[in-house]
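Dock chain B against chain A, hints included.
Taken in order, these protein sequences are the chains called A and B. Each residue of the first sequence is one higher than the one before, counting from 1 in our numbering. Each residue of the second sequence is one higher than the one before, counting from 1001 in our numbering.
Source of the hints: derived by calculation from the structure; they are not laboratory data. This structure is a prediction, so every number in the text was calculated from the model and none was measured. For glycine and all other residues, C-beta sits at the position ideal for the given N, C-alpha and C. A few of these clues could be false.
[What the hints assert, rightly or not] Here are the computed distance ranges between Cβ atoms for each label pair:
| hint | chain 1 | residue 1 | chain 2 | residue 2 | range |
| --- | --- | --- | --- | --- | --- |
| 1 | B | SER1020 | A | PRO115 | 34 to 44 Å |
| 2 | B | SER1020 | A | THR5 | 13 to 23 Å |
| 3 | B | ASP1018 | A | ASN99 | 27 to 37 Å |
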Amino acid sequence: AQTVTQSQPEMSVQEAETVTLSCTYDTSESDYYLFWYKQPPSRQMILVIRQEAYKQQNATENRFSVNFQKAAKSFSLKISDSQLGDAAMYFCAYRSAINTDKLIFGTGTRLQVFP
Amino acid sequence: DTAVSQTPKYLVTQMGNDKSIKCEQNLGHDTMYWYKQDSKKFLKIMFSYNNKELIINETVPNRFSPKSPDKAHLNLHINSLELGDSAVYFCASSHLFDSSGANVLTFGAGSRLTVL
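Next comes chain A alone, as it looks inside the complex (with noise of 0.2 Å):
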């Protein structure tokens, strides 16, 4: 079975500056989705960003970016230019090619931004 594991519980950065949330997982398929959500004080889950196994370009998205490591099992998010509003908890996930049917979650991290 997948497993997505996210080993920092919170992260904080200083408003303007990067910082860069890990994420892992473990599969033995080799074509599989990874997916970066936002979750703010809100509570709706927002896709961030994604990723596709079999591309080798890292996706971006604004001042988002993915770090893609496929070897490794590696799928980290970047946030550039850091805003007070990127405050949320950020779930990675995984969704396999073959069976779509669900999307398995990390624990998530809570980012803070400070000003």
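For chain B alone, coordinates are given in the frame of chain A:
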């Protein structure tokens, strides 16, 4: 014009009661899900329906019964509520297979259930 809406947002009830949470999506997705987020924020899938057919039923007590009257609705009924059922329940939807392959989930805002 909310994409995935669930009601109620908050629910406080006594042990032993029966309660329902409703979910509706207007995205034209064919698959809907219920996820449970516990007090430690861990999110775990409970059920998944594709075109009204149950496709995932994780090890969830029989007291939880999902119902999908059509593709756009997935309700969750919970019988004989217990203290441990207190959690935030998220509804989500997606295409089971979309052109990108990623089948991105869109989540509702969650329903916080508190059992006293």
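Hints, one by one, checked against the model:
no.	hint	in the structure
1	B:SER1020 with A:PRO115: 34 to 44 Å	holds, 43 Å
2	B:SER1020 with A:THR5: 13 to 23 Å	violated, 35 Å
3	B:ASP1018 with A:ASN99: 27 to 37 Å	holds, 33 Å
In summary, the structure is inconsistent with hint 2 from the numbered list given earlier, while agreeing with all the others.
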